[in-house]
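Visitor: Taken in order, these protein sequences are the chains called Y and S.
Following numbering that gives the first Met the number 0, the numbering of the first sequence begins with 0 at its first residue and continues without gaps.
Following numbering that gives the first Met the number 0, the numbering of the second sequence begins with 0 at its first residue and continues without gaps.
No copy labels: a pair is met if it fits in one copy or bridges any two.
Each computed BS3-like pair below joins lysine-lysine, with the alpha-carbon atoms no more than 30 Å apart:
1) K351 x K112
2) K344 x K112
3) K48 x K75
4) K211 x K48
The set of hints was computed from the structure by calculation and includes no laboratory data.
2 protein chains.
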Amino acid sequence: MPTLQQFFQDSVSNLQLEPITLDPPVLLQDLSTPALTIDLDVFDANLAKMQDYLTTRGMDLRCHTKMHKSPVIAKKQLANGAIGVCCATVSEAEVMLASGIEDILITSPVVTKEKVLRVISLARESTGIEIVVDHIEGADLFEREAANADLSLNVLVDLDPGMGRTGIQPGQDALNLAQHITGNCSSLRFKGLQMYIGNCMHTSGFDARCDKYTHLLQKGIETRLLLESEGINVPVFTGGGTGTYNIDGDIGELTDLQAGSYAFMDVEYRDIGGQGSERFVDFEPSLFALVTAISKPQERLITVDAGIKSLATDTAYPELRDIEGVVYHFAGDEHGIIQLNNPSKEIRLGDKLQVLAPHCDPTVNLYDFYYPYRNDVVEELWPISARGRSQ
Amino acid sequence: MPTLQQFFQDSVSNLQLEPITLDPPVLLQDLSTPALTIDLDVFDANLAKMQDYLTTRGMDLRCHTKMHKSPVIAKKQLANGAIGVCCATVSEAEVMLASGIEDILITSPVVTKEKVLRVISLARESTGIEIVVDHIEGADLFEREAANADLSLNVLVDLDPGMGRTGIQPGQDALNLAQHITGNCSSLRFKGLQMYIGNCMHTSGFDARCDKYTHLLQKGIETRLLLESEGINVPVFTGGGTGTYNIDGDIGELTDLQAGSYAFMDVEYRDIGGQGSERFVDFEPSLFALVTAISKPQERLITVDAGIKSLATDTAYPELRDIEGVVYHFAGDEHGIIQLNNPSKEIRLGDKLQVLAPHCDPTVNLYDFYYPYRNDVVEELWPISARGRSQ
Numbered sequence: 000m001p002t003l004q005q006f007f008q009d010s011v012s013n014l015q016l017e018p019i020t021l022d023p024p025v026l027l028q029d030l031s032t033p034a035l036t037i038d039l040d041v042f043d044a045n046l047a048k049m050q051d052y053l054t055t056r057g058m059d060l061r062c063h064t065k066m067h068k069s070p071v072i073a074k075k076q077l078a079n080g081a082i083g084v085c086c087a088t089v090s091e092a093e094v095m096l097a098s099g100i101e102d103i104l105i106t107s108p109v110v111t112k113e114k115v116l117r118v119i120s121l122a123r124e125s126t127g128i129e130i131v132v133d134h135i136e137g138a139d140l141f142e143r144e145a146a147n148a149d150l151s152l153n154v155l156v157d158l159d160p161g162m163g164r165t166g167i168q169p170g171q172d173a174l175n176l177a178q179h180i181t182g183n184c185s186s187l188r189f190k191g192l193q194m195y196i197g198n199c200m201h202t203s204g205f206d207a208r209c210d211k212y213t214h215l216l217q218k219g220i221e222t223r224l225l226l227e228s229e230g231i232n233v234p235v236f237t238g239g240g241t242g243t244y245n246i247d248g249d250i251g252e253l254t255d256l257q258a259g260s261y262a263f264m265d266v267e268y269r270d271i272g273g274q275g276s277e278r279f280v281d282f283e284p285s286l287f288a289l290v291t292a293i294s295k296p297q298e299r300l301i302t303v304d305a306g307i308k309s310l311a312t313d314t315a316y317p318e319l320r321d322i323e324g325v326v327y328h329f330a331g332d333e334h335g336i337i338q339l340n341n342p343s344k345e346i347r348l349g350d351k352l353q354v355l356a357p358h359c360d361p362t363v364n365l366y367d368f369y370y371p372y373r374n375d376v377v378e379e380l381w382p383i384s385a386r387g388r389s390q
Numbered sequence: 000m001p002t003l004q005q006f007f008q009d010s011v012s013n014l015q016l017e018p019i020t021l022d023p024p025v026l027l028q029d030l031s032t033p034a035l036t037i038d039l040d041v042f043d044a045n046l047a048k049m050q051d052y053l054t055t056r057g058m059d060l061r062c063h064t065k066m067h068k069s070p071v072i073a074k075k076q077l078a079n080g081a082i083g084v085c086c087a088t089v090s091e092a093e094v095m096l097a098s099g100i101e102d103i104l105i106t107s108p109v110v111t112k113e114k115v116l117r118v119i120s121l122a123r124e125s126t127g128i129e130i131v132v133d134h135i136e137g138a139d140l141f142e143r144e145a146a147n148a149d150l151s152l153n154v155l156v157d158l159d160p161g162m163g164r165t166g167i168q169p170g171q172d173a174l175n176l177a178q179h180i181t182g183n184c185s186s187l188r189f190k191g192l193q194m195y196i197g198n199c200m201h202t203s204g205f206d207a208r209c210d211k212y213t214h215l216l217q218k219g220i221e222t223r224l225l226l227e228s229e230g231i232n233v234p235v236f237t238g239g240g241t242g243t244y245n246i247d248g249d250i251g252e253l254t255d256l257q258a259g260s261y262a263f264m265d266v267e268y269r270d271i272g273g274q275g276s277e278r279f280v281d282f283e284p285s286l287f288a289l290v291t292a293i294s295k296p297q298e299r300l301i302t303v304d305a306g307i308k309s310l311a312t313d314t315a316y317p318e319l320r321d322i323e324g325v326v327y328h329f330a331g332d333e334h335g336i337i338q339l340n341n342p343s344k345e346i347r348l349g350d351k352l353q354v355l356a357p358h359c360d361p362t363v364n365l366y367d368f369y370y371p372y373r374n375d376v377v378e379e380l381w382p383i384s385a386r387g388r389s390q
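All chains should be built: construct the whole structure from the sequences, respecting the hints.
Guide: This is the structure:
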């Protein structure tokens with residue numbers, strides 16, 4: 000009978016963190032559906048394109064693993080040039096560190112003692128662990144436990160970009176918190192600012208997005224200058240994402256970009272619009288759920304085996320990759336109904352179809368494995384090791 | 000290097016199927032959040048109430064495990080008197096059978112050879128496996144593989160209740176399929192009809208739901224009579240769910256009810272209305288996500304650590320269990336923002352709060368474990384062994 004803590008430590012130790020080679024390889028069409036597949040040619044191009052763009056602009060990539068939840072993919076991003084990873088949760092960070100990744104920023108505030116102690120455990124194993132705080136209480140909690148553990152912890156101050164989710168208000172409030180950290184918290188090492196302007200990532204239309212983002216980021220830039228004018232060094236100013244990568248590239252103020260979705264893309268991001276184009280196609284979709292047509296109860300309808308347990312959404316709907324003239328409706332937890340308006344291709348019972356995810360992050364979080372493929376052949380399984388690790 | 004098939008067989012063998020006893024027990028308030036908790040007093044009462052009601056009416060319960068995904072819970076329902084379980088997917092059935100549960104109806108049509116062979120493997124281990132078919136092609140595929148395997152497979156004909164999801168049309172089409180099975184498929188054993196009227200489960204208002212359901216079920220009743228008039232025995236007529244349990248109880252035509260959500264309840268079911276009451280409270284909520292208040296970026300807002308990766312929805316919103324005068328807004332994958340209109344209780348940073356799930360099935364499917372508790376003490380973890388097994 001384990002303690003709860005021991006049970007979860009063991010569960011991390013027992014995770015599959017590396018690719019699993021299949022012998023023999025499997026044809027895409029022979030997979031049991033719904034299955035989450037990655038078109039490797041597109042995926043590789045997306046990884047290279049983002050890294051090359053940022054390198055040219057003198058910005059770093061700190062890729063967000065909340066999107067893919069997979070050390071296999073994080074290591075490919077690091078091999079391509081990323082300087083480290085972001086994690087949204089402590090348990091994601093535990094998985095990434097277990098896989099050997101050491102530079103990890105946990106992007107959401109941690110305010111309970113039990114999670115603070117888990118962060119301290121991580122910091123014992125790697126000096127590359129960084130946290131954010133957005134409240135003096137949170138800073139004091141980390142200070143106390145870091146001092147108890149006799150170690151020094153890297154801290155960023157998280158700024159609220161006006162979305163009211165996390166972060167302290169930019170300006171004087173942020174300065175007070177930074178001064179509290181540098182002045183009163185000898186076990187915390189102030190590293191800089193985080194300002195993730197999530198309320199802009201999906202703003203529709205490039206020009207509107209650019210205007211809104213530039214305006215909001217200004218308060219972060221001013222806060223950085225304010226801190227520096229008070230003698231506080233701000234080596235890190237992190238934020239941004241897939242939807243603003245080229246806006247951030249042009250502004251040139253962030254030190255590193257927290258992008259995630261660019262690797263896979265989804266309907267929501269595609270529809271935000273790009274620079275000079277109606278759709279955002281700087282990165283192409285590489286992630287597809289493979290589904291099967293399982294029923295044809297009525298004329299002009301085909302039912303597939305993927306509902307909201309296999310394709311997560313907030314707003315958008317799934318779309319078929321290769322067939323036009325059809326509409327995908329959610330039909331419960333396990334089913335989708337494809338309305339056949341004017342299908343560009345006949346769909347028969349048993350046919351397997353590739354579906355573009357409405358929203359990649361929560362969709363990935365529903366699966367245990369990726370099936371990466373090239374030329375329709377799957378040679379490996381990539382475990383989604385941090386799936387469900389929202390704690 | 001395993002074959003894909005071997006890999007997944009091993010993955011079922013390695014699943015945790017039994018409760019894990021914690022030593023020492025843990026206080027609810029000490030859990031790492033978001034955590035999925037079960038209020039055992041309420042849960043036990045729900046299980047007993049549904050079973051007692053159906054027993055009184057002479058109906059059987061064939062509880063649906065798509066909702067809870069847990070052999071631990073299925074076994075409690077069986078111990079209470081359920082005659083077997085329903086599974087939505089073959090991989091759920093694999094998990095239930097691995098745990099020792101033998102009476103399993105797979106409620107969704109299976110039409111690919113690879114999955115048919117997996118069903119045949121299950122049927123080799125248990126004569127209690129039942130499938131549904133809704134098309135002659137599907138029946139022929141099962142007939143061929145069952146004959147190859149030299150075994151006899153229990154089959155129901157699935158009827159479309161007019162929702163266009165799965166099922167053959169009631170009446171003559173259904174009769175043709177039943178006659179095809181009894182006449183041409185010597186390895187299939189025709190057991191009866193399934194008519195799950197999913198398009199009624201959440202119809203708002205008891206009277207409206209009752210009228211609509213009674214009207215739609217009529218076509219199923221007529222189909223049963225039609226088959227019997229043609230000399231086909233129909234021992235099983237299965238369908239219904241939490242939203243129609245007492246309507247089905249009054250009509251008295253179904254042989255068994257496929258209810259699932261009654262054990263946990265959720266916002267969507269609560270809001271459909273009950274008999275003589277605005278809310279459906281025949282069963283009380285027993286499932287709660289425990290979340291933590293992690294940030295307070297603005298006046299009248301508190302941010303918690305549960306977004307759409309921890310609380311799944313199609314339509315409804317999460318609600319706090321014990322605090323009124325607040326509204327829960329989704330704020331991305333990992334966060335919710337609680338708007339403090341006129342809170343009946345102060346919420347402070349680090350406070351842990353119980354949240355009623357908008358929709359229990361897909362919410363459960365996000366977690367690996369339940370934390371059942373009584374008097375705020377958690378003594379066991381219950382693995383959600385079939386989580387993510389949508390294949």
